[in-house]
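Asks: Residue numbers (full-length UniProt numbering), protein chains in the order written: chain D, 1 to 325; chain X, 1 to 325.
No wet-lab data here; the hints were simulated from the structure.
Incorrect hints may have been included.
Remember, identical chains collapse to one label, so a pair may be satisfied in a single copy or spanning two.
[Said to hold, decoys possible] Straight-line Cα separation of at most 35 angstroms, DSBU-like style, residue types lysine-lysine; simulated pairs:
| id | residue 1 | residue 2 |
| --- | --- | --- |
| 1 | Lys42 | Lys213 |
| 2 | Lys292 | Lys306 |
| 3 | Lys322 | Lys42 |
| 4 | Lys103 | Lys42 |
| 5 | Lys134 | Lys252 |
| 6 | Lys34 | Lys9 |
| 7 | Lys249 | Lys220 |
| 8 | Lys220 | Lys42 |
Protein chains: 2
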Amino acid sequence: MATIKEVAKEAGVSVATVSRVLNGNGYVHEDTRKAVDAAIKKLDYRPNEIARSLFNRKSKLIGLVIPDITNPFFPELARGVEDFLQEQGYRLIIGNSDENREKEINYIETFIQHNVIGMISTSGEDTSLWEALKIPVVLLDRVTENYPSVYADQAGGGRLAAEILLARGSNNITLLRGPQHVRTAQERFLAALDVLGRSNAVFQVVNTSFSFKGANETAKQLFDMYPETDGIVASNDIVASAVLREALKRGKNIPENLQIVGFDDIPVCELLYPALSTIHQPAYQMGAEAAKLLIENILHSSNEAKQIVLPVSFKERETTRKVEM
Amino acid sequence: MATIKEVAKEAGVSVATVSRVLNGNGYVHEDTRKAVDAAIKKLDYRPNEIARSLFNRKSKLIGLVIPDITNPFFPELARGVEDFLQEQGYRLIIGNSDENREKEINYIETFIQHNVIGMISTSGEDTSLWEALKIPVVLLDRVTENYPSVYADQAGGGRLAAEILLARGSNNITLLRGPQHVRTAQERFLAALDVLGRSNAVFQVVNTSFSFKGANETAKQLFDMYPETDGIVASNDIVASAVLREALKRGKNIPENLQIVGFDDIPVCELLYPALSTIHQPAYQMGAEAAKLLIENILHSSNEAKQIVLPVSFKERETTRKVEM
């Protein structure tokens, strides 16, 4: 690989001049700058980014913490973040926290030690972890008052899921509640609850986690407790898949006698049979928006708590009945 | 955060001495070393890792490239890598290449620029990309002659899948072939093909990708072309799920009239109905083994092309018939 000396020789200038061009500081004549750029290109010179970030604080590294890399919703978010950053010349470190505070702290430390210039977190809402950071932070699929956040309209999604079941004739509805400490999960739950509370339907609430572990067990308990249920608003698609499996196993006709609505729209929904009707969150777009907002905040040294809420939509597949419009 | 000066003051030594202890070079009396270590602990001092990696080449950062973060097999591998590294005090950067050479090169550049000290790749087998790297590389779920590799027994898995269908009475078998440029996929395919070739069963081959995109379309074509097939060896679990969906849609009884065996054992297998019988690859363990091998090679400056092959096993669920033992 070429050195800065070789670039200087090729451009016919001093090393200090090349350094001024690279760092964008000090006066350099336009013609000189062009000559240096041409030499960099010709020799395929790549300045040592670490050295530059150290002396220059111009690292291009961004950190992303996700709570559960095995839930397919998060890789999709991560790809949205990554593609936007890559286009803009930034680099991404991904850390997986497993919703574990200790692991999250470890990753944040790694980020700091490697001079990341901004961070996106889809994990936890414990802002105390970030307060010591002097870099912009954007929350993704998570919300607090004090930080800029990008998330999908959870209340709208919860409402929509409940309304869809009611409009399609379910009148004994089981509402599955995700982890209560996750505010987005709680928001969608409360909105669905409100819709059911204003309806004439019988309904009940069952608590669930969001992960594969225990999903089948939860589904079994659900039908043991509420065998008469004819509509299920699931906390996410993983849980919905487990509920669908258990319902089929018990011989229920879907969607004739039981309707199920998931949440997220992960890729596997359309491989299920019947394919899962669900509330679509624009995960890829959410990731890209969060990356965009973070870069804006980095460039303008701002950490204004802007909230970007993206719309959700109903993805009609085969676990809900058709209605005539 | 404490500075190196404060550590020196606390320990009653010079900054240069603290630096010698941190960098492990130059002579330091054992008592002095203990005093410095105690001061570091007491003040919770964390040396700037970037500065240290720059001057010292003692970065603790490892890079991992995965080919498709949305295929649940790879996040599981990544977790195995991550957990092992975290325990050993190393840090992980994950990059997602999308099986795209350009993106893979970008990540490798990022790794070099951030002084990673070793790399694990589950993407591509184009060794020319790594030859310029002066750091140990370990392949994971991928194989070449020239690099150390950790992978599951693909040939054994392919053989097992075919034998299981034959032993359970399928005699018109469709063998799905994954991407031909992926050697592990090709190995399991050839082994299954060999078993079928030695049997009396009718069989045919259909090409597939490994991703969600197009999986349903492939499944439709399969049953259009070979409506009589009574056993399917799938290229991976995603493709198997799509095949299962299409078969159910066409009213086939599973496993009575059609048996399906997947490959990988991703978490969603047990949420399907019927739950997918598959060849289990120990993904988490494979990740941990690759991380272990890489760290050994880093510590001993070795890049010996050791091959670690982990056994696969048949995970019997509901898409294959029971046999009496």
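Asks: None of the hints should be skipped; say for each whether it holds.
Replies: Okay, the hints, checked on the actual structure:
1. Lys42 / Lys213: neither (54 angstroms within a copy, 40 angstroms between copies)
2. Lys292 / Lys306: within (12 angstroms within a copy, 43 angstroms between copies)
3. Lys322 / Lys42: Classified as neither; 62 angstroms inside a copy, 66 angstroms across copies.
4. Lys103 / Lys42: between (44 angstroms within a copy, 22 angstroms between copies)
5. Lys134 / Lys252: Answer is neither; intra-copy 55 angstroms and inter-copy 60 angstroms both fail.
6. Lys34 / Lys9: For Lys34 and Lys9, only the intra-copy Cα distance (14 angstroms) is at most 35 angstroms; the inter-copy one is 49 angstroms.
7. Lys249 / Lys220: Cα proximity of Lys249 and Lys220: in one copy and across copies (10 angstroms, 25 angstroms).
8. Lys220 / Lys42: neither (65 angstroms within a copy, 51 angstroms between copies)
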